[in-house]
Amino acid sequence: AQSVSQHNHHVILSEAASLELGCNYSYGGTVNLFWYVQYPGQHLQLLLKYFSGDPLVKGIKGFEAEFIKSKFSFNLRKPSVQWSDTAEYFCAVNTNQAGTALIFGKGTTLSVSS
Amino acid sequence: DVKVTQSSRYLVKRTGEKVFLECVQDMDHENMFWYRQDPGLGLRLIYFSYDVKMKEKGDIPEGYSVSREKKERFSLILESASTNQTSMYLCASSFGPRGGELFFGEGSRLTVL
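Protein chains in written order, with our numbering: chain E, 1 to 114; chain P, 115 to 227.
Looking at chain P on its own, in the form it has when it is part of the complex (with noise of 0.2 Å):
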């Protein structure tokens, strides 16, 4: 079965403070992706990569960058959290350069006070 985890469940920051989330997949999957899930909202997508040291933009990339340096580890940052990214930010991984069906992390909720 396709894992893909993510090293943190649950965290709590403070306004202002740098975050990283890391996330890794072992199916040798090319894509990888963040989205961000809010109630009434859907999923929205962040960024993607479909390669190492690859990535593009999603639907909103602002306050957020990303990091794949290696092909199964994606990482997302937040430079400067803000109250505003407080959510549930899950990461997704894919086979094939037309990408398909996504494989899920369990997610992770940040709380930014």
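This is chain E alone, in the form it adopts within the complex (with noise of 0.2 Å):
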């Protein structure tokens, strides 16, 4: 069965610093791949995803990140990170097979201090 893994389950960062979350799945065939953010209060929504093409995904404020087949990963990456950008995120990934499910990892806490 395939898996997600998020190496950072907290990451503490200043206002300002460059930000990037691990992550790495288990399947060896094609994937959709999908960032999602979790404001407090509020319900998931959805940061950037990676279906095909150029494997450098560009998402919502400011966020991108790049899909490395060989490594089975899809980083995310946000070059200056704000106060507003506390949140937990979450990768998850889904094989593009009909009558499939997207499973995520178990997600990582951004802390950003201004």
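Everything labelled a hint here was simulated from the structure, so no lab data went into it. We put the beta carbon where it would ideally sit given N, CA and C, even for glycine.
Each computed EDC-like pair below joins lysine to aspartate or glutamate, with the alpha-carbon atoms no more than 16 Å apart:
| hint | chain 1 | residue 1 | chain 2 | residue 2 |
| --- | --- | --- | --- | --- |
| 1 | E | Lys49 | P | Glu215 |
| 2 | E | Lys106 | P | Asp173 |
| 3 | P | Lys117 | P | Glu136 |
| 4 | E | Lys106 | P | Asp152 |
| 5 | P | Lys167 | P | Glu144 |
Residues of chain E clear of chain P, computed beta-carbon distances all greater than 10 Å:
| hint | residue |
| --- | --- |
| 6 | Glu15 |
| 7 | Leu19 |
| 8 | Lys58 |
| 9 | Lys71 |
| 10 | Arg77 |
| 11 | Ser113 |
These two chains come separately, so use the hints to put the complex back together.
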């Protein structure tokens, strides 16, 4: 069965610092990849997604992620974080096959101090 | 905008009670999902459905059942609630045979005493 691994459970940064959150998945076939964000007290919303094409994907609020197939990775990056980026971030993958569901990692909590 | 509505934001139930969590989506999505979210464990898939009257077990189906009689509605049922089912329950929907982006509801926080 496929699985998703997020390396960092809790990341603490100061404003303007750069961010990189790691995500690896275990599946050898074609995948769709996602990053979701959950701000305090809010529902999950999509940050960005990768289906095919350019492996560098740009999302909302200045986030981007790079798909490296050889490393089974889809790391999330942002050059300069803001206090408002404080949230929980989830990486997710599905196998692009009919009748399959999105599998999530355990999440990374990002705390940004001003 | 896609809207996924979960009927109850907060519920408190007693051990052994039967619990119904309702979810309705308004975008004619084929696929609907129930996850539970627990601190440190992320989102775990309970059940999903890719068509009316169809259901598939996720990673943690034990103690749960689901019903999808209409395309827009997907219900999660706890036949006999237990304290270890205290959690945040998230409903989501998506379009197309291969899923893709999920749209989430606000969540239902269930406490079982």
